[in-house]
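We have chain A already, so just place chain S on it with the hints.
Protein chains: 2
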Amino acid sequence: MDYSMLSMPVGEAMFTQRSIRRFRPDPIPMDILHLLIEAAVRAPNGGNRQIGRFLVLTDRAKIREFGTLYHDAWYAKRRDEGHAWTRAEDIPATDKNHRSAAGLADHMKDVPCVVFALATNNGPANSVIPAAQNLMLAARTLGIGSVPTTLHATVMDRFRAMFGIPGDVAFHFCIPLGYPADAKFGGSLRRPTNETTFFERWGFPAPW
Amino acid sequence: MDYSMLSMPVGEAMFTQRSIRRFRPDPIPMDILHLLIEAAVRAPNGGNRQIGRFLVLTDRAKIREFGTLYHDAWYAKRRDEGHAWTRAEDIPATDKNHRSAAGLADHMKDVPCVVFALATNNGPANSVIPAAQNLMLAARTLGIGSVPTTLHATVMDRFRAMFGIPGDVAFHFCIPLGYPADAKFGGSLRRPTNETTFFERWGFPAPW
Numbered sequence: 336m337d338y339s340m341l342s343m344p345v346g347e348a349m350f351t352q353r354s355i356r357r358f359r360p361d362p363i364p365m366d367i368l369h370l371l372i373e374a375a376v377r378a379p380n381g382g383n384r385q386i387g388r389f390l391v392l393t394d395r396a397k398i399r400e401f402g403t404l405y406h407d408a409w410y411a412k413r414r415d416e417g418h419a420w421t422r423a424e425d426i427p428a429t430d431k432n433h434r435s436a437a438g439l440a441d442h443m444k445d446v447p448c449v450v451f452a453l454a455t456n457n458g459p460a461n462s463v464i465p466a467a468q469n470l471m472l473a474a475r476t477l478g479i480g481s482v483p484t485t486l487h488a489t490v491m492d493r494f495r496a497m498f499g500i501p502g503d504v505a506f507h508f509c510i511p512l513g514y515p516a517d518a519k520f521g522g523s524l525r526r527p528t529n530e531t532t533f534f535e536r537w538g539f540p541a542p543w
Numbered sequence: 336m337d338y339s340m341l342s343m344p345v346g347e348a349m350f351t352q353r354s355i356r357r358f359r360p361d362p363i364p365m366d367i368l369h370l371l372i373e374a375a376v377r378a379p380n381g382g383n384r385q386i387g388r389f390l391v392l393t394d395r396a397k398i399r400e401f402g403t404l405y406h407d408a409w410y411a412k413r414r415d416e417g418h419a420w421t422r423a424e425d426i427p428a429t430d431k432n433h434r435s436a437a438g439l440a441d442h443m444k445d446v447p448c449v450v451f452a453l454a455t456n457n458g459p460a461n462s463v464i465p466a467a468q469n470l471m472l473a474a475r476t477l478g479i480g481s482v483p484t485t486l487h488a489t490v491m492d493r494f495r496a497m498f499g500i501p502g503d504v505a506f507h508f509c510i511p512l513g514y515p516a517d518a519k520f521g522g523s524l525r526r527p528t529n530e531t532t533f534f535e536r537w538g539f540p541a542p543w
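So the sequence lines, in the order shown, correspond to chains A and S.
Residue numbers 336 to 543, in our numbering, belong to the letters of the first sequence in order.
Residue numbers 336 to 543, in our numbering, belong to the letters of the second sequence in order.
In isolation and in its complexed conformation, chain A is listed as follows (with noise of 0.2 Å):
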């Protein structure tokens, strides 16, 4: 595999990386798609046994269907917080992050990519989402848009037959991918990592 076009710095592409959820309508290349997944699957795996799969959507039609069942997905977990909304005017304009969010719900439909990461025999996340980021992160590298989101309970027994994914196969990650609409890449906000990393025991604070 060519790789070349991933010639982004690392520290660039990782300080760099925030979560895209408004994307241009323009479609990914397919030899882009490919590399993308070839840089997914270097991620380590437990015991190489590849247990991950990822399913791609390009199809608009498929892409429109499954919009539909993220938006309810997407207000079926907000049900759980506690919150009774049904769509995004009736998200206080003071919560930024619920209405980015709900926005992303409502547009999902129109995104140019989504990719569902996935493992067999209902393997677990930690050999799988090591290669969602890596191809999180080459999307990065060629100024495509990500951002990492799960499903709800609730709307799994359609997912599965929207896409007739076996019963035995677990999700982990669905991710929407394209160029991004407005927002820039420019790096996300973080606590201080010296009140979330410890040294030599639990609650000793990093030296930094």
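No wet-lab data here; the hints were simulated from the structure.
Some clues are possibly wrong.
No copy labels: a pair is met if it fits in one copy or bridges any two.
Claimed, not checked - No farther apart than 20 Å at their CA atoms in a straight line, the calculated lysine to aspartate or glutamate pairs in the DMTMM-like style are these:
1. Lys412 x Asp366
2. Lys412 x Asp441
3. Lys444 x Glu535
4. Lys397 x Glu535
5. Lys444 x Asp430
6. Lys519 x Glu424
For chain S alone, kept in the frame of chain A given last:
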């Protein structure tokens, strides 16, 4: 954060990452550990709730103590697989995967650094494992090897007591880090991606 040291192209880093299980004793400088953690936390996490936590071991006595626990955990997993092995010599020489992993079980006590990927509120793997992959990929960029490993249920109480880890903190990965003793970076063996990637519907192979 100055991330200019992470200058390797993303493609080269991803396509040459491989599991490293034998390490030189040389310590990893603290400023490098700091950079690896900063790179790690840039990865996406659910709702930016930042439930991921890292616990880093560099103290020789602590790592030695943990090495015994890891050894017990590794052989407990082999018992689950139906193997009665209690030491590396019990494993057939032809079973290279288990032999290699058993080597790490023997030598975990000597590695220069161990990083545990954890999550508060018993949080899910999907909010900390992207960060763990960033950590391992950034490490590879600096010539530092790693391999993601897990522990066995039978050692978890000891593990929590050993490091003061609260009961509501979930364990996700144990990652030894160090400069490789012998193995060269150079990629990993993977199945053809058109066997593990589907388009539009489960079972419909990728078009490459």
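Quiz prompt | Numbers of unmet hints, in rising order | solution = Violated hints: 1, 5 and 6; rest satisfied.
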